[in-house]
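Chain residues, written in single-letter form:
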Amino acid sequence: MIQPWQLVVLVPFAAALLLVAIPSYRAGAVVNVIASALTLATGGWLVVSDRLVGDYAIIDELNIVFVVINTLVGFTTALFSAAYIGHEIESGRLSPAFVRFYHAMFQAMMGSMNVALIANNIGVMWVGLELATLITVVMVGLYRTPQAIEAAWKYFILASVGISLAFFGTILIYLAGQPALGEGVPAMTWSLLHGVAARLDPAILDLAFIFLLVGYGTKVGLAPLHAWLPDAHAEGPTPISAVLSGLLLNVALYALLRFKMLVSAHPDALDPGQIMVVMGLVSLIFAAFMLYQRRDIKRLFAYSSIEHMGLMVFAFGMGGPLANFAGLLHMAMHSLTKSGIFFAVGHIAQAKGTQRLADIRGLSVTHPRLAVLFALAVLAICGLPPFGVFMSEFLILTTTFARDPWLALLPAFGLLVGFGALLLRLQGTIFGEPVGPSHRVDGSFVPVMLHLALVLAAGIFLPPMLVTWFQRAAELLG
Amino acid sequence: MSGAHDISHLLAGAMLVTSFALLYQERVASVLNAFAAQSITLALAVAWTAWSDNRPDLFITALIALSLKGIVIPLALRRMVERLGIHRQVEKVVGVGPALLVGLALTGLAQALVAKVATGTASHAREALALALAIVLLGFLMMIVRRNAVTQVVGFMSMENGLILAATGARGMPLVVEVSVAFSVLIALFVFAVFVFRIRERFDTVDIEALDRMRGDRR
Chain B
11 MIQPWQLVVL VPFAAALLLV AIPSYRAGAV VNVIASALTL ATGGWLVVSD RLVGDYAIID
71 ELNIVFVVIN TLVGFTTALF SAAYIGHEIE SGRLSPAFVR FYHAMFQAMM GSMNVALIAN
131 NIGVMWVGLE LATLITVVMV GLYRTPQAIE AAWKYFILAS VGISLAFFGT ILIYLAGQPA
191 LGEGVPAMTW SLLHGVAARL DPAILDLAFI FLLVGYGTKV GLAPLHAWLP DAHAEGPTPI
251 SAVLSGLLLN VALYALLRFK MLVSAHPDAL DPGQIMVVMG LVSLIFAAFM LYQRRDIKRL
311 FAYSSIEHMG LMVFAFGMGG PLANFAGLLH MAMHSLTKSG IFFAVGHIAQ AKGTQRLADI
371 RGLSVTHPRL AVLFALAVLA ICGLPPFGVF MSEFLILTTT FARDPWLALL PAFGLLVGFG
431 ALLLRLQGTI FGEPVGPSHR VDGSFVPVML HLALVLAAGI FLPPMLVTWF QRAAELLG
Chain G
26 MSGAHDISHL LAGAMLVTSF ALLYQERVAS VLNAFAAQSI TLALAVAWTA WSDNRPDLFI
86 TALIALSLKG IVIPLALRRM VERLGIHRQV EKVVGVGPAL LVGLALTGLA QALVAKVATG
146 TASHAREALA LALAIVLLGF LMMIVRRNAV TQVVGFMSME NGLILAATGA RGMPLVVEVS
206 VAFSVLIALF VFAVFVFRIR ERFDTVDIEA LDRMRGDRR
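First to last, the sequence lines map onto chains B and G.
Under my numbering, read the first sequence as residues 11 to 488, first letter to last.
Under my numbering, read the second sequence as residues 26 to 244, first letter to last.
Misleading hints may appear alongside valid ones.
[What the hints assert, rightly or not] To give a feel for the contact side, a few chain B residues facing chain G, derived at Cβ under 10 Å:
{"hint": "1", "residue": "Ser170"}
{"hint": "2", "residue": "Val171"}
{"hint": "3", "residue": "Phe177"}
{"hint": "4", "residue": "Leu185"}
{"hint": "5", "residue": "Glu193"}
{"hint": "6", "residue": "Ala197"}
{"hint": "7", "residue": "Ser201"}
{"hint": "8", "residue": "Leu202"}
{"hint": "9", "residue": "His204"}
{"hint": "10", "residue": "Gly205"}
{"hint": "11", "residue": "Val206"}
{"hint": "12", "residue": "Asp211"}
{"hint": "13", "residue": "Ala213"}
{"hint": "14", "residue": "Ile214"}
{"hint": "15", "residue": "Asp216"}
These are computed hints drawn from the structure, not numbers from a lab.
Small disclaimer: the values here were computed from a predicted structure and weren't measured.
Where is the CB? At the ideal position from N, CA and C, for every residue including glycine.
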């Protein structure tokens, strides 16, 4: 009988093959939405099916959280992108010839991310993440403007370097596992490595973790390895910005977490937590200050993603059931909110015909519904109650405070700085005199509203079932 | 089997020498030649490992390295350089002297890192790993200190050469990974080629400097 984890991977890739054969843009968009819905359904099936540890796949509480977020945001992004790309073709910014393979690439990217998430083999995990990255590189360059090509080139160079370093780290982990597990596949199987982690050579583990941290950290967007991220977000099509921020960064973080679990299982190896705390704080505070200088609306939220990834890495670096719980929750909330924001930003950019913040003013006059949604989404990401982001940020800060009151000041400071910048920008875009042209928005607001509703619901009431699930995942993280 | 290790070390050492050779070339065509020499040496090293360790699957990896990275890619890049009339000279961010000095330091760093780390493993595996790490770091250096798009591509592929050397040096690492590395190089080449051509459409040079002027947020 076919297993749900096989379907999570097979459905997107089968859809990608099918989509290659469909020349029409409209038919492709429909198939894309249906395939994403099917993947979401298999993701749901995965939640209720048995946990398993196999030769190829591992399904535990931890990666199911990631798979569910992945398939959910993948589905809503497919909905959003159907209208968005249609508008771009009509307005002549994209020619149909370039979007011929857009949907196939979208599905292939979703499939590769799922491969990386459920793989029990550290080599396969690497391949999945690498494939997803290369596909997004092509998609970032889709508009073929000089800026888009520059962004894609930079993304490609930095991502390749990151990927090469991560691969070297993977080889080192294999070398560490070889004496205990023998040659061949077992020494690359994560669950087996984790089982014998205490018997591995701590010096090799240390070196491997440094390579893996720099390699996968580049893709998480940790400062100072973040240079690709704002460009890639700003110049690519908006659905891709949403997927990059909401999903691909998570998958890279997931890979990092798996190796953190491995290394921290050895008593004499370095403490990965401390390094992650420092890198997370640097990213958080650096990105918060960078928010003030942004002139492009998508760049603004790209820096906000760096800020929040920094906060998550900080929380996971602190470790312990409570901080891990808060980190996981924050990851879920950030994915939903940030992709929702990018959907809203996509509508705004199409309505105003520009991404320049200076040219986006007075939305409350010209597009009242869009303005309300955008304002709510930005307030949510700022961490205002009653949204879920408030709860997760509050949890992270209180847990840190309980452990080390002085340390808690730093993330709190960073978040306040970021809060100020976003509020300042929000005020400018919503109020004031409208400038420049203004077009009607004909896309559907359902994806934005769905994300906002979920974040709001999570902020008001988190179902006990969800809490126990996240708690078990947090315990796995150690 | 110490003779077998001597030969594999000789080949890995030869690859390291070509890594240095990549750094001091003045013409793009000679950079491509040096890269081809490195890839052919890699193919020999992998084939030697395949033969001496009795792992026939590695011959495939060697064949991919030889045909693709030793012959096809250098020829394709050379034709592109000629057809597009790109600067034939290598454009440097840092001069040859300092680049070579940094390269030496990186090689020393690689040796020191691995020597400190792998005390438990056999000495020959450790040395092979140190050489591979040095090649990876030198490829990295080349991507930083050379400006032209084609030389950056070469730097990246030289880095990948070091990775493949490391992967084959790790005894019994499953074939899955080697195929994936070859695969990644293929895709990488595809993407790179597409970019280089697209860049050509917009600019008269394949100089990364021209791209830097197109930064979105700095105007």
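Violations among the numbered hints, reported as their numbers in ascending order: Hints 7, 8, 9, 10, 11 not satisfied by this model.
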